[in-house]
Every structure is written in structure tokens, then in C-alpha cells.
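Please model the complete structure; the sequences and the hints are all you need to start from.
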Amino acid sequence: MIDDKLNNKQIEDVSKFFAPENKKRNVETPDGQIIEVNPLTDYFSEARPKVHEPNSSKVVEKFLNWARAESLWVLGFGTGCGSIEIPPLLTPRFDAFRFGVQMRPTPRQSNVIIISGYLAVKTLKRVIRSYEQMQNPKYVLALGSCTINGGMYYDSYNTINRLDKYIPVDVYVAGCMPRPEALLAGFMKLKELIKAGKAENANKYVENFDEYKANQKKIINDWNMPDYNW
Amino acid sequence: MEIDFNKILFAIIGLMIVLNWGLLMSSIMRKIGARVAGRHGIPLFQPWIDLVKNYAIRSQITHGVMFYLGPVFRLSGGVGLFLFMPMVFGSDLWINFSFKGDIVLILYFQFFGMLGMALGAGEGGQPHSFIGISRGLSQFTAIEVPMTLAVISLAVQYQTLSISDIVAAQQGGFMHWTIMTNPFASVAAMLSLLGAFGHSPFNLVKAPNEIPIGPPTEYHGTYLGVLRTNAAILHVVEAVLFMNLFFGGAGSWLELMVKSFLIYFWSVFVGMVFPRFRIEQSVVWFLKVPLILGIIAIILL
Numbered sequence: 000m001i002d003d004k005l006n007n008k009q010i011e012d013v014s015k016f017f018a019p020e021n022k023k024r025n026v027e028t029p030d031g032q033i034i035e036v037n038p039l040t041d042y043f044s045e046a047r048p049k050v051h052e053p054n055s056s057k058v059v060e061k062f063l064n065w066a067r068a069e070s071l072w073v074l075g076f077g078t079g080c081g082s083i084e085i086p087p088l089l090t091p092r093f094d095a096f097r098f099g100v101q102m103r104p105t106p107r108q109s110n111v112i113i114i115s116g117y118l119a120v121k122t123l124k125r126v127i128r129s130y131e132q133m134q135n136p137k138y139v140l141a142l143g144s145c146t147i148n149g150g151m152y153y154d155s156y157n158t159i160n161r162l163d164k165y166i167p168v169d170v171y172v173a174g175c176m177p178r179p180e181a182l183l184a185g186f187m188k189l190k191e192l193i194k195a196g197k198a199e200n201a202n203k204y205v206e207n208f209d210e211y212k213a214n215q216k217k218i219i220n221d222w223n224m225p226d227y228n229w
Numbered sequence: 000m001e002i003d004f005n006k007i008l009f010a011i012i013g014l015m016i017v018l019n020w021g022l023l024m025s026s027i028m029r030k031i032g033a034r035v036a037g038r039h040g041i042p043l044f045q046p047w048i049d050l051v052k053n054y055a056i057r058s059q060i061t062h063g064v065m066f067y068l069g070p071v072f073r074l075s076g077g078v079g080l081f082l083f084m085p086m087v088f089g090s091d092l093w094i095n096f097s098f099k100g101d102i103v104l105i106l107y108f109q110f111f112g113m114l115g116m117a118l119g120a121g122e123g124g125q126p127h128s129f130i131g132i133s134r135g136l137s138q139f140t141a142i143e144v145p146m147t148l149a150v151i152s153l154a155v156q157y158q159t160l161s162i163s164d165i166v167a168a169q170q171g172g173f174m175h176w177t178i179m180t181n182p183f184a185s186v187a188a189m190l191s192l193l194g195a196f197g198h199s200p201f202n203l204v205k206a207p208n209e210i211p212i213g214p215p216t217e218y219h220g221t222y223l224g225v226l227r228t229n230a231a232i233l234h235v236v237e238a239v240l241f242m243n244l245f246f247g248g249a250g251s252w253l254e255l256m257v258k259s260f261l262i263y264f265w266s267v268f269v270g271m272v273f274p275r276f277r278i279e280q281s282v283v284w285f286l287k288v289p290l291i292l293g294i295i296a297i298i299l300l
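Chains F and W are the protein sequences, given in the same order.
Just so we're aligned, residue 0 is where the first sequence starts under numbering that gives the first Met the number 0, counting upward by one.
Just so we're aligned, residue 0 is where the second sequence starts under numbering that gives the first Met the number 0, counting upward by one.
Hints listed in this document are in silico derivations from the structure and should not be mistaken for laboratory results.
There's no promise every hint is true.
A short, non-exhaustive set of chain F residues, derived as facing chain W with CB atoms under 10 angstroms [said to hold, decoys possible]: (1) Ser44; (2) His51; (3) Leu63; (4) Phe98; (5) Gln134.
Below 30 angstroms or equal to it, Euclidean Cα-Cα: the simulated DSSO-like pairs (lysine-lysine) are [what the hints assert, rightly or not]: (6) Lys49(F) - Lys164(F); (7) Lys30(W) - Lys194(F); (8) Lys188(F) - Lys30(W); (9) Lys61(F) - Lys30(W); (10) Lys287(W) - Lys205(W); (11) Lys124(F) - Lys205(W); (12) Lys99(W) - Lys6(W); (13) Lys205(W) - Lys30(W); (14) Lys212(F) - Lys124(F); (15) Lys217(F) - Lys22(F).
Just so it is clear, CB atoms sit at the ideal spot from N, CA and C, and this is done for glycine as well.
Set out below in C-alpha cells:
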């Protein structure tokens, strides 16, 4: 990971961003031995993610895709102004539960992450962490113009302009801000894609892993986490 | 020992009925909750789709052996409860593997799944899991006290530790049910049931929105599918336990479904009305009202 690829000076540069518990250090064991602890390599998995092929039987895969489409669990993660458009989905007026859309509080159990509006560089890091902790298959729904071309923040110093340079996007919902109806329409479009077997972006992310990582690292200067957040 | 294949077959069929009834019951309850809030709510078959979806997640990660075993222990706790629970009174085939003294085993099995889950979720390493585990175990310990007092009171009242015998003693009209003949023990147990089902006001173990969802925070895919399968079984079997102990058991599957639905609805109804307790409030509450009722039930014998 970072230690393998970078030279000593770069390690010093990077490690100044580390939290104290993540820094390389010597620890004395109870029996008096001195051991070196490097949390970045010792605590985290360095394995690269793998491609998970769809089921070989087309009928089975079609059935599973139907189930995936009818049961979309959305990560409760809000970025930018669009996050205020998500809570109304669960109210009597829009009631997204009718369409099998449910909110989950943890990335492990979610299938959909909504990038709801402008994405600051600081938040991008959290998005990447959350996205990588989600399990295959996973879908990204990008809300608002900011995720397409930067929108009204196109010349801001700390927001990104194009989301799909950093994580693969399944459905864009354009507008500034799109109303909850538009978001529901986005969910319907996502369902169509999943049922047609076209929502395989989790595998696309793995296949183009190096390219995405290069883009991410270009913009995140304080990269202080493993390359893939298992 | 002779293996009774007929009984095994009927136990498997019974398990399937219980599983599907549990899933249907949970979706009906969520629908009722949605109607209270003025929504349409989830489709009736949503729990089945969620199960298929969870089992169909392609990638899984693990945190170690105990992480695998946590959901397995939880499921064996639920299935074990089912296997030793007489489901339909008066039937040779639907009493499963219940025996004289099964109530002691069932009280044990209630705790077994929780302990396994605590070990498994603990290995996940999520701080929220630890908070959920400590809350869950302390709350369940507080629940066990009035619950056990009620069961002791029943055992002394009917002079038996067998659930089938307790059900048999309650036959002959609702005036013979334990809720009529031993109201203090029944009320103490029905109040501790609120905690066992884990709906609001006692849902701080899983506390959605607060500590993501407590112990299962790290569980996903098939692990979560197993946990949800178990939840469906466990809800029905716990309701059946209370039905057998306090509401005269069931003479048929239909009666079982109506009674278990109403018992489950009791906890959902309370949950709709009351907001969530904090852990210290809930433990103190269990050690106050239900415990005093349970002690009265013992003293009155």
C-alpha cells in the first residue's frame, strides 16, 4: 500500500495526516519484547477487490435481479443540499416504501448510495469509504446537476465537478434541486436497469480500479487510508 | 433409540409454516404501522423479497470464525425454541419434540441465541455493535427476572414443568386460562414480553437511527438473511410460548395464528403509543413494575 509504493519522504508527508493510533510505532509487549506496529498494513486488509460474475443461469439471475430491484436498501448518507429531499420520500405524500425502497443505517446492508448534490472533497473521501464498504451488487444514484458538471459550484475550489470520475454512477437525476418525485422517477429508472441486468457498476469499479484510484488520489491530498476499504 | 421420521417430517413442515407466518405477520404489522402514519406502507410480500435479495448478495466479507457462527447460533436458538415447543394442543404430530420439563429448556434457549449473537457481533469490531450488545444483554437480564418468576408461579400453580400439561390444565373456556386464574404472573410475563419482542419503548438494542442497528451493524448478505429468517421464526415461537402459558394454547393452526397475531400485536400496539426508553430507564422499569407483580404472584401462592 502506501508504504510499499512511496519513498520515505512521501511517507512522512502522508503520515502527518494520520490519527495518532494509525501511526507507525514501536510497542513493548508484556514480556519485554519490542515489536513494530504499522496499523496501515497490520490492521487493514491489503487485498484488491474481486469481480463477482452474475449467476451463470439466466433464469436464476433474472429472478435475483427482480428481487434486487424490488428491495432497494438506501444508505442513510446525505451530501449537500439534496439530502433534504430524501426524508420527504418516507412521508405519506411520497411513501417510497410502496416501491420497496427502505433506508438502512449501515453501508454493509445497503445496496444504493444517493449522492445528493454537491460533493466537497472532504465528503468525497467519506463517500469512497462508504461505497467500498457496500457489498456487490451496489448502485449509485446521483442527484442534482452538481454531480453531473458541478452545477452552480462548477468553479468552487473544494467541490468536485464530475462524480463518475471517482465512482461509477448508475442513474443521474438532473435538476437543481430535483423534487422528491424526480428522485422517485430515478428509483424507477434504476429498477428498470437492474431488471434488465444492466446495473453491473460494482464490477465496473473493480475492473477499472486503478483508474478510479488514480482519479481519487489526484484530488484527495490527505489520503490516509488503505487503497480499498474492506 | 428409534428415529421417528414422521415426526421429523412434520417438524420441518411446521417450521416452514411458522417461518412464512412470521414473515407475513411482520409485514402486516409494518402495514398497520404505515396506516397509523397515514402511508400505504410496504407491499405485503416485501419480507420475502428482502430475504431473497439478502441471500443473493454476491460478495461477503468475514471478520473471523465467531462472526460466521453468530447468526448460526441465533438461528439454532430460534429453531431450538420451535423444536421443543408444542404448537397445536391435542395433536400428536404438531407437538414437536416437547417433553416433561421442556419449559426449563425453553427459558434457556431464549438466552442462547442472544449470547451467540453477542460473541459473533463482538468479533465484527464495530463500536455500535458493542453498545448494542451491552444494552441487549443488560435489558434481557432484566427481562428474565420477572419472566422467570412468572414461570415459577405457573409451575407451582399447575404442579408441572411441561408446557403441554400447562395447556391441558387451561382447557374448558377462557375462564380457565392462566390470565384469569393467575393474573399477577400473567401481567408480569406480558410486560416482560414487551422487552422480549424489542419493539418501542424497548427497542434501544437495535435503535435504528441512533446506534445504526446495534449488534447486526456489520452483518450483511447471507448473514443478515439468516438473522431475518430467525427473527421471523422467533417472533411466532415466542408468541406461541405466551399463548401456551397464559391464553389456553391453540386447538388448530388457525387458532394459533389468531392468538399469536394478537399477542404480537400487543407489543406493536404499545410500541406505536410509547416512545423509546433509555437503557437505564428500561432496566429500572423492568425491575420495578413487572418484578413487583412477579413477586406478588409468588407470594399469593
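Chain W contact restraint on Leu63(F) - CB to CB distance below 10 angstroms: holds (4 angstroms)
Given the hint that Lys188(F) pairs with Lys30(W), test it: the Cα-Cα distance must not exceed 30 angstroms. Distance ~26 angstroms between Lys188(F) and Lys30(W) Cα, so the pair holds.
Hint check: 10 angstroms Cβ-Cβ cutoff, Phe98(F) to chain W: holds (9 angstroms)
For a C-alpha distance cap of 30 angstroms, please report whether Lys124(F) and Lys205(W) respect it. holds (28 angstroms)
Take the shortest C-beta to C-beta distance between Ser44(F) and chain W; is it under 10 angstroms? holds (8 angstroms)
Hey, does the Gln134(F) contact hint survive, CB to chain W under 10 angstroms? holds (5 angstroms)
Within 30 angstroms, alpha carbon to alpha carbon, are Lys61(F) and Lys30(W)? holds (28 angstroms)
Is the hinted pair Lys99(W) and Lys6(W) satisfied, with a Cα-Cα distance of at most 30 angstroms? holds (17 angstroms)
Take a quick look at whether Lys212(F) and Lys124(F) sit within 30 angstroms of each other, Cα to Cα. holds (11 angstroms)
Given the proposed pairing of Lys217(F) with Lys22(F), does the C-alpha separation stay at or below 30 angstroms? holds (23 angstroms)
Below or equal to 30 angstroms on CA atoms is what counts here, so check Lys30(W) against Lys194(F). holds (26 angstroms)
Do the numbers back the hint for His51(F), that is, is its least Cβ distance to chain W under 10 angstroms? holds (4 angstroms)
Of the hints listed earlier, there is not a single one the structure fails to meet.
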